[in-house]
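Q: Taken in sequence, the protein lines are chains A and B. Position 159, counted from 1, in the first sequence is what this note's numbering calls 159; the numbers after and before it change by one each time, with no gaps. Position 37, counted from 1, in the second sequence is what this note's numbering calls 37; the numbers after and before it change by one each time, with no gaps.
If you are wondering where the hints come from, they were derived from the structure by calculation, not from laboratory data. What you are looking at is a predicted structure, and each value in this text was computed from that prediction instead of being measured. By construction, the Cβ of each residue, glycine as well, lies at the ideal position given by its N, Cα and C atoms. Possibly wrong hints are sitting among the right ones.
Stated by the list, open to error - Here's a subset of chain A near chain B, in silico, CB distances under 8 Å, partners left out:
{"no.": "1", "residue": "Arg92"}
{"no.": "2", "residue": "Gly99"}
{"no.": "3", "residue": "Ala100"}
{"no.": "4", "residue": "Gly106"}
{"no.": "5", "residue": "Leu107"}
{"no.": "6", "residue": "Leu156"}
{"no.": "7", "residue": "Leu255"}
{"no.": "8", "residue": "Thr257"}
{"no.": "9", "residue": "Trp258"}
{"no.": "10", "residue": "Thr260"}
{"no.": "11", "residue": "Ile268"}
{"no.": "12", "residue": "Leu272"}
Listed here are the chains, written in short residue letters.
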Amino acid sequence: MLAQSIFNSLALGMSYVLMSCGLTLVFGVALLINWPHGALYMLGAYGVYYVYAGLGVNYFLALLISITLVGALGMLIEKVINYPLGQTGLLRIMGASLGAMWFLEGLVLIAFGEEDKKVPTVFPGKMNLFGAVLPVDRAVVMIIAFVIMFALYYVLQKTKEGKSIRAVAQDRVYASLQGISVRRSRLLSMGIGCGLAGLAGGLLAPIYYVNPFMGAMPMLKAIIVVTVGGMGSISGSVIVGLALGFVEGFGYAYLGTWTTVIIFTLLIVVLLIRPQGLLGRLSVE
Amino acid sequence: MSMIYGIAAMGWILTNRTGEFSLGQAGFIAIGSYSSALLTTKLGISFWMALPLAGMVGTVIAAGIGSVVLRLRGLYFGLVSFAFAEVIRLIITGTPFLGGGAGIFDIPAPSPIRFPGLKPLEFSGRVPLYYLCLFLFLVSAYVFWRLDGSRPGKTFRAIAQNGKLAESVGIYEMKHKVQAFAIGCFFTGVAGSFYAHYLNMLTPAMFNIEQSLWVFLCAVLGGVRSIVFGPLLGALVMTVVSNMLRSYGSFEPLVVGLMLSVICLYLPGGLISIGAQIVRWLPLDLTRKKQGEVKTEENGWQSR
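I would like the entire structure built from these sequences, with the hints used as guidance.
A: Now the structure itself:
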């Protein structure tokens, strides 16, 4: 029972981590919340639904296609909305990107209809581990998520592009004085971040149902994780994402609906005591 | 419907005048409508008493929350208010006394007013309720208009422009921010109260995140610079467009989303500024001449 709860929480937490890492990456570099993130998650899931379940392409290839397209779409959003409106304040960016979110949801709604769609499981079967029953597909998702997190860590720490992204997140003025193109770093981080959202959607599509409005809940959770963990802090997102998975995994088993109340109250308390988040260092006016 | 959102959006703009933006107005609509519904169904108080009382409840809660939470700025205040709205909704869902997830039903319509010597004024159908709503809207629009033009309104704007500078000339920043938030939430509560009696029923699901965003978007779409006409226009357009499209099936999110994006991208002042913007786009001789004149004047001044 305990091992089962731990596995469930871990699987839930890893999906939050994937979502919120993309969000926090974009926030760190561009200093804005990427509101269509949930819609991009949904698009990632629909991409896999269409290419893998509809056209019958190999699952991993479908996942790759889906991530690439969603990442490109994220870059397009950056080009059309976020960058041109960058100087004009939060309100207009929020309005425009919420509009983009509804636009994407509406597009999928018209193309696929509003009913739940099921993507056939890629890895059927269950396995027993430490006395807990663990579906293989969830285990695979967890492994892929771990691998991706390490890959992201490597890219950000070691490659030139990753370093430039981190430099811009630290101080955009000094970064541009060093010859780093802030615009390019923003575009890159948006591509990576949205690609991560697409990946999360594509990975979870065979586990859950696919629906045009499926992005709202993960988006909400990702905002909570990113705020508590510290906006722009990837390690904060990883830790808090996993923690949220555990709070929910155990909370729903023992407390029921009040878990969500507790989570939101904790969010308010954290914001009041440490507005920059537990591991954050950025402060936004 | 659009009037209700219009009132709520005006309340939002008043908070925004001090430079903060709230993403949790649905929470205050919920507070207003639930307190009004409870007062009328459980205690048997008439609608006319419950309406201002609901606003008062909104004010008190907003003042209490605001005096703690308004210490945060910008995005962080937005996020806290957003979390607060969710907490309110979840508490309502989890409390059987408040109707739980199923909601409250049979909320009475406003009771008739009797003037001596005249026929009683009935509020049973949709049409009288519409006029009542119009009346409420006009009253709150007048209050907001006067408030915005008077000393408090100017104080709020001064805080938004530069809080530290405003403090240096003796404006207590926190006090005025809480004031603006509380007054805004009074009218949001009133709008919520009317909403409850208009629909006759309430469920917590009506006050989700989308509702909060809707209030915010009405204000942004209409234009935040004008406190009365901006929200009215925004709420009108949003409600009419989404209601019209709902009958055509699933086009609603697509069109509303597109409309929002385009307006936010190309109309900096919101819909209210569309006239001025069109004039700027058109290559009119009139405007060119004016620019030319201004230029020569500048040159003349420089050469002097």
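Q: Which numbered hints does this structure break?
A: Hints 6 and 7 contradicted; others consistent.
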